[in-house]
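Each chain is listed here by its residues.
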Amino acid sequence: MAAKKTMTLNLSPAEMLALERLAEQKELSKTAVLRQALRLYQLIDARLADGEKLFFEDPEEKKAQVMVL
Amino acid sequence: MSEQTIQIIDHGTGGVVDAILHDELDALALIEAEKAWGPYRIEATRRLIKNGAPPDEQPQHWHWNWEKKSSDLNLLAYRGIGIECEGHMQGLMLLRTAGTIATLNPDVGKSLVYVPYIESAPWNTKALEPHPRFGGIGIRLFEAAVRVSMAEGYKGRLGLHSLPQAERFYRDICKMQDCGLDAKNPENLRYFELTHDASSTFLKEA
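So the protein lines, in turn, are chains A and B. Under the working numbering, think of the first position of the first sequence as 535, with each following residue one higher. Under the working numbering, think of the first position of the second sequence as 29, with each following residue one higher.
Excised from the complex, chain A in its bound form:
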């Protein structure tokens, strides 16, 4: 495993609260939540750059395109 680097992250109280809630809900550390968010951001960005589209699907299977990133 490559050596990890440390950084200081400045978050607003609301952002920190959201991070803490996600970490609690997902039973992950805050670092793991942010790491997963970065992986998803990069994955989605790469696929959009390749011309793919991202959809959210409601339970009735009506699709709506969402704009991300």
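A couple of the hints might just be wrong.
What the hints assert, rightly or not - Here are the simulated distance ranges between beta carbons: (1) B:Arg74 <-> A:Leu545: 52 to 62 Å; (2) A:Asp584 <-> B:Leu56: 16 to 26 Å; (3) A:Ala537 <-> B:Ser228: 21 to 31 Å.
Everything labelled a hint here was simulated from the structure, so no lab data went into it. The structure presented is a predicted model; accordingly, all values stated were derived computationally and were not measured. Glycine included, each C-beta is placed from N, C-alpha and C at the ideal position.
Chain A is already provided as a structure; the job is to place chain B on it using the hints.
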């Protein structure tokens, strides 16, 4: 790329032999492996068809190509794992560590590691080779996937879609729960999931 020594079965001697588990393969490693695997896989499949093997005895993954999957490793969400012995890759696995959540209670909504592809080298595959060279490759790769899930904080949770020929392996050996046919899977494959509890059981027995 980090590595550790593990043991696999040498069918030639009936004993075990040391192998190297690589847990961060790069794209080049997949390309190099496919150079050796691809022609062997296709030739073995061609031989089976020529000898009149019925369709359900022909390997369902004969068309896989690790070179085409190699570009996924340029993304942080993917991870390549391989087992090397005698200078050759004996098994490969691709993992996705973001973007998939558990569907089974009590883990619903929690992150898991998804396994898009896992394959033993064609010369280790019973469906392709009457006298496989090495064994235990699939189970060692699966164990590595569980350990990645643990290290990521996902508590051993895994998910995958299985080819019909591999369903029994995941259900009976790997302790995964069969969640049924997934209508949203492009190949309409069955979805299997390993819960946190089942992963603990699996590791105790591995």
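Determine whether the Cβ-Cβ distance between Arg74 of chain B and Leu545 of chain A falls within the hinted range of 52 to 62 Å.
This hint holds: roughly 58 Å between Cβ atoms.
Holds or violated: the 21 to 31 Å window for the beta-carbon distance between Ala537 of chain A and Ser228 of chain B?
30 Å, holds
Could one say that the CB atoms of Asp584 of chain A and Leu56 of chain B fall in the range 16 to 26 Å?
Since Asp584 of chain A and Leu56 of chain B have Cβ atoms about 22 Å apart, the given range 16 to 26 Å holds.
Of the hints listed earlier, there is not a single one the structure fails to meet.
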